[in-house]
Amino acid sequence: GENVEQHPSTLSVQEGDSAVIKCTYSDSASNYFPWYKQELGKRPQLIIDIRSNVGEKKDQRIAVTLNKTAKHFSLHITETQPEDSAVYFCAASRGTSYGKLTFGQGTILTVHP
Amino acid sequence: DTAVSQTPKYLVTQMGNDKSIKCEQNLGHDTMYWYKQDSKKFLKIMFSYNNKELIINETVPNRFSPKSPDKAHLNLHINSLELGDSAVYFCASSQVRGGNTEAFFGQGTRLTVV
Numbered sequence: 011g012e013n014v015e016q017h018p019s020t021l022s023v024q025e026g027d028s029a030v031i032k033c034t035y036s037d038s039a040s041n042y043f044p045w046y047k048q049e050l051g052k053r054p055q056l057i058i059d060i061r062s063n064v065g066e067k068k069d070q071r072i073a074v075t076l077n078k079t080a081k082h083f084s085l086h087i088t089e090t091q092p093e094d095s096a097v098y099f100c101a102a103s104r105g106t107s108y109g110k111l112t113f114g115q116g117t118i119l120t121v122h123p
Numbered sequence: 292d293t294a295v296s297q298t299p300k301y302l303v304t305q306m307g308n309d310k311s312i313k314c315e316q317n318l319g320h321d322t323m324y325w326y327k328q329d330s331k332k333f334l335k336i337m338f339s340y341n342n343k344e345l346i347i348n349e350t351v352p353n354r355f356s357p358k359s360p361d362k363a364h365l366n367l368h369i370n371s372l373e374l375g376d377s378a379v380y381f382c383a384s385s386q387v388r389g390g391n392t393e394a395f396f397g398q399g400t401r402l403t404v405v
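Chains A and C are the protein sequences, given in the same order. For the first sequence, the numbering used here assigns the number 11 to the initial residue and increments by one for each residue that follows. For the second sequence, the numbering used here assigns the number 292 to the initial residue and increments by one for each residue that follows.
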């Protein structure tokens with residue numbers, strides 16, 4: 011089955027800096043890669059996703075890149091703000107899996123004012 | 292107007308008891324899921340139903356039994372609760388016909404077994 015590895019497990023940055031979280035996946039048939047943000051005590055919420063036919067996607071301060079050959083994808087957050095502090099999860103899914111998400115272990119991002 | 296709602300939000304119970312968690316989605320999605328988030332925040336799928344049919348049943352003890360009376364509801368019943376069942380259980384839904392899309396999560400049920 012699919013295995014998703016996520017690094018780092020914790021990331022501490024100063025406000026205004028950039029943050030990068032990296033994930034690798036094992037199943038070459040995976041074709042959908044979402045990123046979820048989970049604030050303390052809340053539900054995971056999608057912040058950005060990318061499909062395997064695209065190499066990069068941006069949404070304001072957030073971007074995701076995908077390297078299918080190397081089977082890794084990354085989340086980039088620029089100009090970080092304290093409200094970006096949360097746990098971030100990457101996930102992978104294949105088209106035949108009825109949307110089953112295999113999650114990475116999560117990254118605790120702390121943005122210091 | 293919550294998209295995916297699950298009840299209860301908190302559940303504290305003794306070992307050996309049987310409990311249920313209910314989930315409903317009003318998004319018209321065809322697929323619903325149960326995920327378990329352990330104390331280390333790791334999220335892992337337990338079950339998936341597509342149009343009331345069980346599609347995914349991960350390696351979960353058979354004390355856990357999901358039931359989907361219709362495609363908008365997916366409940367989780369747990370028999371003979373054990374200390375190790377303590378976790379946050381998330382219901383989710385997505386529309387997978389035509390390709391995988393965003394999964395919407397419920398607010399979670401924090402189960403504590405004492």
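Hints listed in this document are in silico derivations from the structure and should not be mistaken for laboratory results. Glycine is no exception: its CB is placed at the ideal position from the N, C-alpha and C atoms. Watch out, some of these pointers could steer you wrong.
Once the Cα atoms are required to be at most 25 angstroms apart in a straight line, the calculated BS3-like pairs of lysine-lysine come out as [what the hints assert, rightly or not]:
1. Lys32/A - Lys313/C
2. Lys362/C - Lys68/A
3. Lys300/C - Lys32/A
4. Lys300/C - Lys81/A
5. Lys310/C - Lys327/C
6. Lys81/A - Lys310/C
7. Lys32/A - Lys332/C
8. Lys78/A - Lys335/C
9. Lys300/C - Lys335/C
Stretches of chain A that chain C covers, calculated by requiring three or more beta carbons in the stretch to come under 8 angstroms of a beta carbon on chain C [claimed, not checked]:
10. 12-23
11. 47-55
12. 89-103
Which numbered hints turn out to be false for this structure? Hint check: 1, 2, 3, 4, 6, 10 fail, others pass.
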